[in-house]
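Given next are the chains, with one letter for each unit.
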Amino acid sequence: MRKNRLGAVAAMAAVAALALTSCGGGSGEGDAESIRIGIKFDQPGLGFKDGNNYTGFDVDVAKYVANELGYAEENIEWVSAPSANRETMLQNDQVDMIFATYSITEERNKVVDFAGPYFVAGQDLLVATDSDIASPEDLNGKNLCSVTGSTSAQKVKDNYAENTNLQELPGYAECVTQMGGGTIDAVTTDDIILAGLAAQPAYQGKFKVAGAPFSEENYGVGLPDGTDKCGDINAAITKMIESGAWEEALTANTEGTGYTPNSETNPPELSDTCA
Amino acid sequence: MDNYLSIFTEYDVPGAFWVNIQLTFWAALGALLLGTVLALLRISPVASFRAIGASYVNLIRNTPLTIIILFGVLALYGQLGFNLGGDFQGNFFRLAVMGLALYHAAFVCEAIRSGVNTVPLGQAEAARAIGLSFLPAAREVILPQAFRGAIVPLGNTLIALIKNSTVAAVGSVATEASSTMKTMIEFRADIVIPIFLTFAVGFVIIVIPVGLLTTWLSKKLAVAR
Numbered sequence: 000m001r002k003n004r005l006g007a008v009a010a011m012a013a014v015a016a017l018a019l020t021s022c023g024g025g026s027g028e029g030d031a032e033s034i035r036i037g038i039k040f041d042q043p044g045l046g047f048k049d050g051n052n053y054t055g056f057d058v059d060v061a062k063y064v065a066n067e068l069g070y071a072e073e074n075i076e077w078v079s080a081p082s083a084n085r086e087t088m089l090q091n092d093q094v095d096m097i098f099a100t101y102s103i104t105e106e107r108n109k110v111v112d113f114a115g116p117y118f119v120a121g122q123d124l125l126v127a128t129d130s131d132i133a134s135p136e137d138l139n140g141k142n143l144c145s146v147t148g149s150t151s152a153q154k155v156k157d158n159y160a161e162n163t164n165l166q167e168l169p170g171y172a173e174c175v176t177q178m179g180g181g182t183i184d185a186v187t188t189d190d191i192i193l194a195g196l197a198a199q200p201a202y203q204g205k206f207k208v209a210g211a212p213f214s215e216e217n218y219g220v221g222l223p224d225g226t227d228k229c230g231d232i233n234a235a236i237t238k239m240i241e242s243g244a245w246e247e248a249l250t251a252n253t254e255g256t257g258y259t260p261n262s263e264t265n266p267p268e269l270s271d272t273c274a
Numbered sequence: 000m001d002n003y004l005s006i007f008t009e010y011d012v013p014g015a016f017w018v019n020i021q022l023t024f025w026a027a028l029g030a031l032l033l034g035t036v037l038a039l040l041r042i043s044p045v046a047s048f049r050a051i052g053a054s055y056v057n058l059i060r061n062t063p064l065t066i067i068i069l070f071g072v073l074a075l076y077g078q079l080g081f082n083l084g085g086d087f088q089g090n091f092f093r094l095a096v097m098g099l100a101l102y103h104a105a106f107v108c109e110a111i112r113s114g115v116n117t118v119p120l121g122q123a124e125a126a127r128a129i130g131l132s133f134l135p136a137a138r139e140v141i142l143p144q145a146f147r148g149a150i151v152p153l154g155n156t157l158i159a160l161i162k163n164s165t166v167a168a169v170g171s172v173a174t175e176a177s178s179t180m181k182t183m184i185e186f187r188a189d190i191v192i193p194i195f196l197t198f199a200v201g202f203v204i205i206v207i208p209v210g211l212l213t214t215w216l217s218k219k220l221a222v223a224r
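Heads up: the sequence lines are chains A and B, in that order.
Quick note on numbering: numbering that gives the first Met the number 0 labels position 119 of the first sequence as 118, and the sequence is numbered without any gaps.
Quick note on numbering: numbering that gives the first Met the number 0 labels position 178 of the second sequence as 177, and the sequence is numbered without any gaps.
Calculated directly from the structure, the hints in this document are not laboratory data.
One or more hints might be untrue.
Stated by the list, open to error - Ranges of calculated distance between the beta carbons of each label pair, as one might list FRET restraints:
1) B:Pro-13 with A:Asn-66: 48 to 54 Å
2) A:Asp-157 with B:Leu-4: 51 to 57 Å
3) A:Ser-262 with B:Leu-196: 18 to 24 Å
4) A:Asp-224 with B:Phe-87: 19 to 25 Å
5) A:Ala-172 with B:Ser-43: 26 to 32 Å
6) B:Ile-204 with A:Asp-157: 28 to 34 Å
7) A:Val-110 with B:Pro-208: 23 to 29 Å
8) B:Ile-192 with A:Gly-170: 30 to 36 Å
9) B:Leu-196 with A:Asp-131: 43 to 49 Å
Virtual Cβ for every residue (Gly too), placed ideally from N, Cα, C.
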């Protein structure tokens with residue numbers, strides 16, 4: 000009896016070890032002909048998993064770049080890359096590149112490389128269509144929502160905290176739900192993310208992007224440190240911009256929201272080295 | 000190393016843990032009160048009371064804590080305008096305490112009920128024989144012994160509560176430890192693993208004394224039979 004029990008424990012340990020290792024590596028090993036691209040799965044208009052389809056501006060740019068690098072659409076393996084995991088995923092070779100509203104910053108550039116930028120977003124406000132909030136100066140005494148631990152939330156805390164009430168929720172979808180319920184007056188993050196949220200069928204015509212960006216976020220392509228692909232990727236993005244496919248993808252993903260990207264910074268100018 | 004140490008001047012790490020300790024304190028108080036009442040319901044001689052206690056425990060114990068906390072913020076506050084007072088942020092803190100207390104009350108109830116099972120049946124019979132009705136018998140005879148027998152499971156629930164207090168992050172309590180960690184990772188992607196370890200060690204430092212205390216208390220207060 001005792002022996003049996005020991006055997007059972009050993010078996011369980013073996014199963015647990017197997018489960019753990021399969022988590023760590025197994026799924027990450029792509030064969031040479033496919034490419035693993037990290038995107039957001041939960042941001043409509045940018046990176047969104049809709050059943051078995053992936054849609055959004057990030058996805059469209061990723062498809063174009065992958066195609067230029069020689070990977071057809073069916074050879075792309077889409078991987079979910081939540082904000083907090085992006086650096087680790089690149090460092091541990093779980094993805095080959097990341098298109099996930101990934102702002103180029105100095106701290107991130109220490110551990111990963113960036114190609115691009117392929118888009119320059121700016122922090123903006125999403126408000127109800129009939130709202131009189133047009134810029135952050137109108138936020139006095141208003142309730143504002145952003146995502147816990149995001150750059151946008153921190154910027155509001157640093158610059159506008161005394162006059163506004165900031166609610167932090169786990170995702171932008173929750174923020175928009177709160178705004179639908181009427182307890183929140185404005186949602187803040189990068190303008191293109193807001194446009195994507197407002198373009199969802201459920202909110203059609205209810206919300207608008209205020210259109211007064213108050214920061215500059217350079218969306219780059221996250222790559223492992225020391226990569227040699229920056230030149231090729233930048234060339235692909237430049238080709239996408241020049242051929243008009245970039246503009247087309249942008250329009251298609253933000254249709255019906257009246258959103259236009261900041262034309263002073265878009266489309267971005269690219270060099271042939273890493274950002 | 001200096002690079003790592005700078006996070007302590009940039010971010011209020013002890014302050015973040017202090018928020019978790021406050022959440023834990025108030026939620027533990029609420030959970031202990033509600034859990035005791037639930038345990039009384041579950042051992043009461045009235046069948047419908049027992050059913051109410053059992054339904055609460057089975058319903059709440061099987062609902063993920065994240066859903067309970069999100070329900071407080073998105074449904075109670077967001078859609079129904081339910082406000083627990085305090086300022087804008089204080090309301091979220093209180094809603095989170097309420098969610099944590101409601102959830103852990105189910106586990107406290109079961110811990111106390113396990114304590115009740117350590118009290119010999121003769122104690123209850125003797126209490127009834129000297130003329131005490133259910134509540135006085137519970138108060139004077141059963142529960143004091145039950146609590147002393149339930150210290151270890153209650154301590155385990157408290158340890159779970161300390162760590163579960165980080166779930167308040169989904170309930171818009173943005174100053175607590177896991178939210179602070181998220182912010183730090185967002186801005187200091189170059190030292191993700193040291194940041195993560197800092198918070199893991201922080202929780203170990205908080206939890207180990209609680210474990211030692213409950214073990215010591217359970218030995219000291221054990222009912223000698």
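Evaluation of the provided hints:
1. Between Pro-13 (chain B) and Asn-66 (chain A) the beta carbons are some 51 Å apart, a value that agrees with the proposed interval 48 to 54 Å.
2. A C-beta distance of roughly 22 Å is found between Asp-157 (chain A) and Leu-4 (chain B), which places it outside the suggested range of 51 to 57 Å.
3. A hinted range of 18 to 24 Å is violated for the C-beta pair Ser-262 (chain A) and Leu-196 (chain B), which are about 45 Å apart.
4. Judged by the Cβ atoms, the range 19 to 25 Å given for Asp-224 (chain A) and Phe-87 (chain B) is violated: they are separated by roughly 42 Å.
5. A hinted range of 26 to 32 Å is violated for the C-beta pair Ala-172 (chain A) and Ser-43 (chain B), which are about 44 Å apart.
6. Remark: the range hint 28 to 34 Å for Ile-204 (chain B) to Asp-157 (chain A) is upheld by a beta-carbon distance near 30 Å.
7. The hinted range of 23 to 29 Å is not satisfied by Val-110 (chain A) and Pro-208 (chain B), whose Cβ atoms lie roughly 36 Å apart.
8. Judged by the Cβ atoms, the range 30 to 36 Å given for Ile-192 (chain B) and Gly-170 (chain A) is violated: they are separated by roughly 25 Å.
9. Restraint check, Leu-196 (chain B) to Asp-131 (chain A): a C-beta distance of roughly 48 Å satisfies the suggested window 43 to 49 Å.
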